[in-house]
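J.: Using the sequences and the hints given, assemble the complete structure.
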Amino acid sequence: MRTSLNELKAIDDHLFKRSSPADQTVFQARMILQPDLRNSIALQKQTLWLVEQYSRRALKAEIKEACDQVKRDPCETAFIARIRRLFR
Amino acid sequence: MKTATPGTTAAGRPYLFRMLYKSVFPSAAAWIARRGGTFDEAEDVFQDALLVYYEKAMAGKSTAGRDEKAYLFGIVKHLWVRKFRQRITNVTFEEVDADLPDEVISREPAAEVLLQHLSSAGKKCMELLKAFYYDKLPARQLSEMFGFSGTRSVTVQKYKCLEKVRETVKQKALTYEDFLK
Numbered sequence: 017m018r019t020s021l022n023e024l025k026a027i028d029d030h031l032f033k034r035s036s037p038a039d040q041t042v043f044q045a046r047m048i049l050q051p052d053l054r055n056s057i058a059l060q061k062q063t064l065w066l067v068e069q070y071s072r073r074a075l076k077a078e079i080k081e082a083c084d085q086v087k088r089d090p091c092e093t094a095f096i097a098r099i100r101r102l103f104r
Numbered sequence: 220m221k222t223a224t225p226g227t228t229a230a231g232r233p234y235l236f237r238m239l240y241k242s243v244f245p246s247a248a249a250w251i252a253r254r255g256g257t258f259d260e261a262e263d264v265f266q267d268a269l270l271v272y273y274e275k276a277m278a279g280k281s282t283a284g285r286d287e288k289a290y291l292f293g294i295v296k297h298l299w300v301r302k303f304r305q306r307i308t309n310v311t312f313e314e315v316d317a318d319l320p321d322e323v324i325s326r327e328p329a330a331e332v333l334l335q336h337l338s339s340a341g342k343k344c345m346e347l348l349k350a351f352y353y354d355k356l357p358a359r360q361l362s363e364m365f366g367f368s369g370t371r372s373v374t375v376q377k378y379k380c381l382e383k384v385r386e387t388v389k390q391k392a393l394t395y396e397d398f399l400k
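Chains A and B, in that order, give the protein sequences.
Residue numbers for the first sequence follow my numbering, so the first one is 17 and each next one is one higher.
Residue numbers for the second sequence follow my numbering, so the first one is 220 and each next one is one higher.
Careful, some of the hints might be misleading.
30 Å max Cα-Cα, derived DSS-like pairs, lysine-lysine [said to hold, decoys possible]:
#1 A:K33 to B:K379
#2 A:K25 to B:K342
#3 B:K342 to A:K80
#4 B:K288 to A:K61
#5 B:K383 to A:K61
#6 B:K355 to A:K61
#7 B:K302 to A:K80
#8 B:K391 to A:K25
#9 B:K288 to A:K80
#10 B:K241 to A:K76
#11 A:K80 to B:K275
#12 A:K76 to B:K280
#13 A:K33 to B:K383
#14 B:K241 to A:K61
#15 A:K61 to B:K349
#16 A:K33 to B:K349
#17 A:K80 to B:K343
#18 A:K87 to B:K275
#19 B:K343 to A:K25
#20 A:K33 to B:K241
Some chain A residues flagged as far from chain B (calculated, every beta-carbon gap over 10 Å) [to be verified]:
#21 S35
#22 Q40
#23 T41
#24 F43
#25 M47
#26 I48
#27 Q50
#28 P51
#29 L53
#30 A74
#31 A82
#32 E92
A few chain B positions that, by computed beta-carbon distances, are all more than 12 Å from chain A [to be verified]:
#33 P233
#34 D286
#35 E287
#36 A289
#37 F303
#38 Q360
#39 M364
#40 F365
Quick caveat, the hints were computed from the structure, so don't treat them as lab data.
No experiment lies behind these values; they were computed from the predicted model shown.
Even for Gly, the Cβ is constructed at its ideal location relative to N, Cα and C.
T.: This is the structure we're talking about:
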């Protein structure tokens, strides 16, 4: 992999604690010596948080569709009506 | 009761969600109705709770020694308390599980804009990153799913995608604090 991708992998390994103790020590030393590395770590965390949010939205849509299937099922009409009556 | 185990496949999930909706939603809805919630609010909170329940089960954190129904119901109560705190009257904190995320789905405007952009302009990359980081699928499966020549290509492509998304985030000039609150 090219250098920039190896840097992303090193940050990934640090964030997910996949590095060896020796590599962790080297990485921590780099964090002290290279202030830009801290910004790069923050940016990667932010990116991974967005991936999590994207993934959760996809799963929520899947859950909603499963619930809607129950609501659309003619066999479940009485079940849904019973729940809706709770809110009157 | 069937539980969400790490072996639960994407194909098996709709069945699991339908089954949990039918078995737990009635009691959760009754609990929320007694606290002044609407049907739509109850459903939204219940669906968020299902998401949290599923994440915890996939991480192997939820099921051991617990009553699954009560556990899911506990998550519903907890999320309701957080979302509609001002309406809460008779809930004690003993009733809820504290080990849950602060916010299941963020509605932070900056994140909304960025996610909308990435969902259209970088969909394939987002799907690959989702499959790797969220679904935690093995490289061999990712290779088949995305049509790569092998697991090595998956790894390289994953980091290329990460780089691309990172660059988008950077270009949008959002600060870390903008949506990591």
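J.: Please list, smallest to largest, the hint numbers that this structure does not respect.
T.: The structure breaks hints 4, 14, 20, 30, 31, 32 and 33; every other hint is satisfied.
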